[in-house]
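Based on the sequences and whatever the hints tell you, model everything.
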Amino acid sequence: MALWRSSVGKKAVMAVSGLVMLAYLVAHMLGNLKVFLGPDDLNGYAHWLRTIGQPVLHYGWFLWLARPVLVAAVVAHGVAAYQLSRRDLKARPQQYVHRRRQSTYATRTMRWGGVILGLFIVWHILDLTTLTVNPAAEEGHPYQNIVASFSTWYGGGIYCLAVLALGLHIRHGFWSAAQTLGVNNPRRDRALKFAANALALLLTVGFVSVPVAVMAGLVR
Amino acid sequence: MSAHDTTSGKAPMSYLDYTVGTPVADTRAPAGPIEQRWDQRRFEAKLVNPANRRKHTVIVVGTGLAGGAAGATLAEQGYHVVQFCFQDSPRRAHSIAAQGGINAAKNYRNDGDSIRRLFYDTVKGGDFRARESNVHRLAQVSVEIIDQCVAQGVPFAREYGGLLDTRSFGGVQVSRTFYARGQTGQQLLLGAYQALSRQIAAGNVELHARTEMLDLIVIDGRARGIVARDLVTGEIRTHLADAVVLATGGYGNVFYLSTNAKNSNATAIWRAHRRGAYFANPCFTQIHPTCIPRSGDHQSKLTLMSESLRNDGRIWVPKAKGDTRPPAQIPEDERDYYLERIYPAFGNLVPRDIASRAAKVVCDEGRGVGPGGQGVYLDFADAIARLGRAAVEAKYGNLFEMYERITAEDPYTVPMRIYPAIHYTMGGLWVDYDLQTTVPGLFAIGEANFSDHGANRLGASALMQGLADGYFVLPPTLNDYLGRTPLEPVPGDHPQLAEVEAEVTDRLNLILAVDGDRTPDSFHRELGELLWDNCGMARDEAGLRHALARIPELREEFWRRIKVPGTGAELNQALEKANRLVDYFELAELMCLDALHRAESCGGHFRTESATPEGEAARRDEEFTYAAAWEFSGTGDAPVLHKEELVFEHVHPTQRSYA
Amino acid sequence: MNLTLRIWRQQGPDTPGEMTIYQVSGISEDMSFLEMLDTLNEELILRGERPVAFDHDCREGICGACGMVINGQAHGPERTTTCQLHMRHFKDGDTIDVEPWRAGAFPVVRDLVVDRSALDRIIGSGGYITAPTGSAPEAHATAVPKEAADLAFEHAECIGCGACVAACPNGSAMLFTAAKVVHLNVLPQGAPERASRVRNMVGAMDAEGFGGCTNTGECATACPKGIPLTGIARLNREFLRS
Ligand SMILES: Cc1cc2nc3c(=O)[nH]c(=O)nc-3n(C[C@H](O)[C@H](O)[C@H](O)COP(=O)(O)OP(=O)(O)OC[C@H]3O[C@@H](n4cnc5c(N)ncnc54)[C@H](O)[C@@H]3O)c2cc1C
Ligand code: HEM
Ligand code: HEM
Ligand code: SF4
Ligand code: F3S
Ligand code: FES
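These protein sequence lines map, in sequence, to chains P, F and H. Residues 1 to 220 (the numbering used here) make up the first sequence, in order. Residues 1 to 659 (the numbering used here) make up the second sequence, in order. Residues 1 to 242 (the numbering used here) make up the third sequence, in order.
Since the hints were made in silico from the structure, they are not lab data. All C-beta atoms, glycine included, are put in the ideal place defined by N, C-alpha and C. Errors might be hidden in some of the hints.
Interface residues of chain H toward chain P, partial, derived using beta-carbon atoms under 10 Å [as the list claims (entries may be wrong)]: (1) 40; (2) 44; (3) 47; (4) 71; (5) 105; (6) 210; (7) 230.
Per label pair, the in silico range of CB-to-CB distance [unchecked claim]: (8) H:196 <-> P:132: 24 to 30 Å; (9) P:95 <-> H:46: 33 to 39 Å; (10) H:20 <-> P:187: 30 to 36 Å; (11) H:14 <-> P:133: 50 to 56 Å; (12) F:510 <-> H:94: 40 to 46 Å; (13) H:196 <-> F:116: 41 to 47 Å; (14) H:26 <-> F:340: 37 to 43 Å; (15) H:95 <-> P:23: 49 to 55 Å; (16) P:95 <-> F:529: 43 to 49 Å.
Structure representation (structure tokens):
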């Protein structure tokens with residue numbers, strides 16, 4: 001709680017939750033790439049996800065155990081982001097008359113990028129988890145749902161936009177988290193920046209390849 | 001009266017500009033072996049019961065090394081401290097700018113240093129115009145200072161083994177100067193500032209930043225408070241206390257151009273002087289030989305380049321007058337390496353005062369270089385050829401960078417230009433061994449007093465003195481004063497308070513009311529130039545008399561023509577400047593008078609009339625082995641001179657010789 | 001050189017301010033930025049107008065008193081303090097915008113003068129080593145590895161100018177606080193108070209209304225003393241391990 005009350009502590013919570021989500025996304029992206037191996041592979045994978053831990057866990061339990069962690073991460077991350085951002089804006093009530101763009105670049109992309117990501121996650125869950133807004137909405141057949149979703153212009157567009165935002169977010173966020181958690185130092189600084197860029201690129205390309213492939217008709 | 005008869009041994013005391021009063025004496029230093037005096041004094045000192053200290057309020061004006069150290073220490077000991085500085089933060093006091101280092105007789109190098117040697121060097125360096133007991137104590141305490149600062153986390157330079165590094169500095173034979181790159185003053189001050197900040201946070205020190213002391217309150221003959229102006233609101237208020245400590249720094253800025261911070265000023269000590277504190281040796285000012293020359297009339301201050309540059313740079317000017325060729329086009333045999341020529345033994349490393357004067361002489365001959373002919377070359381070509389550029393860069397890289405930033409010239413390819421500048425003031429309020437002025441209850445520490453440097457200060461010893469005074473000397477002596485003195489509370493309606501407050505307010509209002517046509521800076525520049533020309537590196541009777549005639553005229557013109565817009569009830573920096581100028585005029589006059597009356601040369605004070613046949617400074621010990629303590633008797637009125645005879649039992653006066 | 005200056009003029013903390021246009025002429029390339037403003041002020045005084053108020057003292061880049069935002073950059077285009085910025089970095093005919101440090105924790109006092117006392121209070125909350133005068137052990141009793149000494153020095157160079165706060169889009173004092181925490185925490189002398197120091201200083205920083213750090217890095221770019229951005233990482237580590 002003392003951690004949460006201080007700006008530095010809150011930031012650490014944000015970094016940890018961000019990294020949890022990041023780890024999830026790396027796995028998620030790798031899973032998604034199975035799209036290219038055809039419907040059976042992906043559908044089988046989705047099924048397998050739900051069988052992890054069996055027989056100790058029941059069918060689907062693993063997913064239900066992972067979800068609270070993810071939700072907690074998203075909520076902690078979002079709440080911290082909101083509270084810190086409010087604080088930060090209040091700490092600089094008056095802008096300079098002579099504006100320079102660079103200085104606010106990273107912070108601004110993080111803020112609006114985060115909001116885009118938040119909205120996307122809601123949409124994404126409605127689309128592919130609850131299938132509420134999915135054009136195909138075939139329970140247990142994610143491959144078909146994905147193709148259906150990305151086949152509409154808005155579906156693909158939303159994904160591409162979100163993934164772009166994600167890339168930018170990670171690009172600053174990964175190095176930033178290292179800084180926040182105090183693992184950065186002058187010797188590591190360049191390596192961390194490189195890793196952040198590489199990770200951002202990897203995730204962006206990996207994620208974006210699916211909607212692009214669908215829209216290009218390579219995956220159908 | 002022109003030249004003095006330097007052999008008759010009699011000074012022609014024909015000046016009517018002052019009267020001689022009864023001598024002053026330091027009655028506080030115990031007799032007995034010099035090594036034991038400080039112990040003895042501390043033993044004799046009366047203590048204040050720790051429980052009672054909280055009831056005593058002490059005002060400390062200034063947060064430099066001296067004031068910062070004193071405030072923190074007194075607060076630790078339990079006193080209630082009320083502290084002032086005119087900057088927005090105590091950390092910005094002028095001490096922050098000191099570059100070179102701080103001396104201490106630690107003898108870590110085992111190179112023969114000792115307390116006695118530091119004592120000896122400092123007395124000799126001061127050209128036998130300092131008090132032996134004080135200097136010895138300074139050398140003793142120097143050792144504790146380093147311990148104290150290291151404990152505070154001051155990041156002194158260290159060797160690979162993790163132990164403290166030292167270097168030799170200012171022509172001394174031993175390596176006793178501790179340093180923190182080129183920022184020793186900064187790091188020492190931050191140490192004191194942090195200790196002070198801790199006491200402020202704990203509520204033991206009440207800090208008034210952006211507040212300027214404008215007068216002293218003396219009640220029943222004792223210092224009981226100050227009148228200060230809040231520089232933001234303009235509010236003028238009296239602050240009362242049981243004792244007042246002035247740690248307000250030096251007065252070099254009376255010259256306008258100096259290496260001092262722009263806002264350093266003499267108001268606090270001058271106002272104290274007007275209220276009865278004697279002012280000692282005002283003409284003892286130090287000129288530093290290696291400053292960056294001024295580039296034009298816009299120049300607002302001068303920047304010091306470390307003295308260490310003289311270790312490898314060669315100083316020269318063209319042989320011919322008015323030679324304006326670029327330095328590279330002046331062939332070797334048309335250059336005059338004048339220090340090497342005149343002082344073959346010491347060459348470019350002669351002491352500060354000698355190097356400075358020699359530069360003035362060649363520039364006065366019309367052989368100076370750069371804008372206005374006010375500069376000499378400091379050439380690293382030989383050093384670069386001998387050691388290689390990389391070695392020179394490793395040693396002086398940051399200094400070269402600073403030089404290039406300011407002048408836009410690359411010292412690796414074009415010789416640097418340097419010129420002497422006012423740097424430090426050895427004079428200040430007269431204090432006894434207890435650092436108490438002639439006003440009981442008023443103490444002066446650091447550069448504000450006159451105590452330890454005599455007529456010339458050695459490099460790296462001002463930081464030592466400021467910290468010695470603040471951390472170690474003042475606390476026990478102040479304790480003694482408070483322990484011995486029964487003090488009644490000053491009633492808030494004491495007529496003296498309203499009177500002094502009114503005086504201060506009236507003075508400011510008078511300045512604002514003139515509404516003339518000259519700015520404060522224009523007057524300050526003119527006064528500074530007058531002083532520099534006549535009471536600067538070399539002084540003679542005619543010049544000093546000229547200045548003494550001109551200053552009152554300038555003062556009179558000030559009161560007719562000064563212009564300060566705005567009001568006194570707001571942040572008004574022009575008003576601050578003008579108000580400081582009022583005091584500078586009076587101080588400048590006393591400096592000239594002091595320089596005139598001291599018809600000898602000693603240390604930084606060079607009277608052209610008192611020179612050896614070779615043109616070197618000649619002391620006249622029979623007449624002038626005293627500190628001149630001046631008593632104020634009214635603006636423009638003849639002050640009273642009180643002499644403190646100096647006795648040298650341990651270090652015997654000899655003529656300094658560097659030829 | 002002839003220049004057009006647009007300077008923020010503001011009577012007091014509660015009065016509104018605005019950019020005011022002035023022309024200055026005859027500016028020499030060798031002038032420092034402050035000397036250029038001196039020239040303007042001399043003219044203003046003679047015209048009976050209030051001169052522009054700004055903080056300054058040493059004019060050597062070490063006291064940390066000076067500071068203004070010049071064309072949107074804290075301390076202007078060069079990596080140095082305003083007093084050490086010379087006019088040769090500008091061109092004849094330039095228009096230069098001059099504004100005070102902007103941060104919620106730095107209220108404007110007047111014109112270009114702001115109140116930075118919040119930084120002093122951060123130091124007071126823990127930016128010291130408790131070493132009462134006279135209690136110190138012999139200086140050589142504890143050796144300090146050169147690496148630690150150098151690291152401490154690198155961070156001890158901070159002059160408390162506040163440019164980091166002014167440059168930070170969040171008005172954060174992280175770099176300033178980091179500079180002191182790292183300086184003292186890496187020294188053996190600072191070890192006993194290591195944990196409380198960082199906790200108290202971060203607490204004080206938050207309480208003074210400085211923003212949080214989003215690792216924007218503008219502070220380190222503006223810092224005239226080159227306090228490294230990785231200092232903030234060290235501060236964070238010190239905080240988390242406390
Ligand atoms: C460029 C430079 C380099 C130097 N290098 C060295 C060196 O290497 N080694 C060395 O030993 N010495 C050096 N010196 C000399 C040394 O720095 C000073 O003598 C010393 O720091 C003076 O300290 P102080 O505490 O007496 O006063 P200062 O540091 O000048 O402090 C004066 C304080 O008094 C306050 N004050 C003054 N008047 C008033 C008033 N009226 N009301 C309220 N507050 C007031 C100021 O705000 C300030 O806080 C150098 C000096 C200069 C100029
Ligand atoms: C979906 C996956 C997300 C991932 C992987 C992620 C990751 C990260 C990471 C690693 C950081 C750096 C933390 C630090 O600087 O210490 C970060 C910062 C941030 N995130 Fe996210 N985040 C995600 C979603 C979001 C969402 C939904 C929001 C908005 C509600 C958001 C808003 C922010 C903000 C404002 C920052 C601050 C920038 C900073 O502190 O440097 N993020 N994120
Ligand atoms: C090409 C891009 C993507 C594809 C094809 C994709 C596909 C999917 C699918 C099919 C599911 C449902 C899994 C299931 O219920 O079995 C899912 C869930 C999810 N995805 Fe994605 N996704 C993509 C991008 C993203 C991005 C960029 C994010 C985050 C920013 C994200 C976050 C999530 C989340 C949080 C879930 C919910 C997990 C759960 O149900 O517990 N996805 N995704
Ligand atoms: S960290 Fe740099 S910018 Fe910030 S106050 Fe210190 S010196 Fe100034
Ligand atoms: S600019 Fe501000 S956001 Fe952090 S890295 Fe520096 S404090
Ligand atoms: S005036 Fe001191 S740093 Fe600029």
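How the hints compare with the structure:
no., hint, result
1, 40, "violated (18 Å)"
2, 44, "violated (21 Å)"
3, 47, "violated (24 Å)"
4, 71, "holds (5 Å)"
5, 105, "holds (7 Å)"
6, 210, "holds (6 Å)"
7, 230, "holds (5 Å)"
8, H:196 <-> P:132: 24 to 30 Å, "violated (53 Å)"
9, P:95 <-> H:46: 33 to 39 Å, "holds (34 Å)"
10, H:20 <-> P:187: 30 to 36 Å, "violated (48 Å)"
11, H:14 <-> P:133: 50 to 56 Å, "holds (53 Å)"
12, F:510 <-> H:94: 40 to 46 Å, "holds (41 Å)"
13, H:196 <-> F:116: 41 to 47 Å, "holds (43 Å)"
14, H:26 <-> F:340: 37 to 43 Å, "holds (41 Å)"
15, H:95 <-> P:23: 49 to 55 Å, "holds (51 Å)"
16, P:95 <-> F:529: 43 to 49 Å, "holds (45 Å)"
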